[in-house]
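Participant: All chains, full assembly: derive it from the sequences and hints.
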Amino acid sequence: MSSQPVLLEELVEDIFLRLPPEEPKHLVRASSICKPWRRILADRGFRCRYREFHRTPPVLGFLQDIQGLRYDFSRFIPTSSFRPAQPPSPRGWYVLDAHHGRGLFFTSSSNCDAGDFGLSVWDPTTDKQHCLPMPFSLED
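Here the numbering used here runs 493 ahead of the position in the sequence shown, where the first position is 1.
Since the hints were derived computationally from the structure, they do not count as laboratory data.
Check before you lean on any hint, since a few could be wrong.
[Stated by the list, open to error] In silico DSS-like cross-links for lysine-lysine, where the CA-CA straight-line distance does not exceed 27 angstroms:
1) Lys528 - Lys621
2) Lys621 - Lys518
3) Lys528 - Lys518
In this text the structure is predicted, and so the values were computed from the model without any measurement.
Facilitator: Below, the structure written as structure tokens:
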């Protein structure tokens, strides 16, 4: 009888491996079902097998600067059903770069506590932002 839970765990893990990477909400929902499933999904070995199984990471969307008649702003354009929140205050935010799912913005407004000008790192999956002061070499 003790082999049954192990077998079920292997089957569940095999099912999780086949969930599409461009739909991360399925993995998040599955991890909230019960502790054993969360343990499977949080396991380093599973994460390695999942990346190997799907090879290339999915592109969930793009960050785009839009120049309008009244003001410029940035927005997230999704390429899947994943719909994060828009950048915290799109006016006065300009996309500089994106890497590992986070966007780097230059902000010329008082959106950050970094002063009139600063940098902000925004994670669209968690909607958290971190404001950074402008480096001295860029201020001159």
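Participant: For each hint, tell me whether it holds in the structure or not.
Facilitator: Hints, one by one, checked against the model:
| no. | hint | in the structure |
| --- | --- | --- |
| 1 | Lys528 - Lys621 | 26 angstroms, holds |
| 2 | Lys621 - Lys518 | 17 angstroms, holds |
| 3 | Lys528 - Lys518 | 17 angstroms, holds |
Violated hints for the displayed structure: none, as all numbered hints are satisfied.
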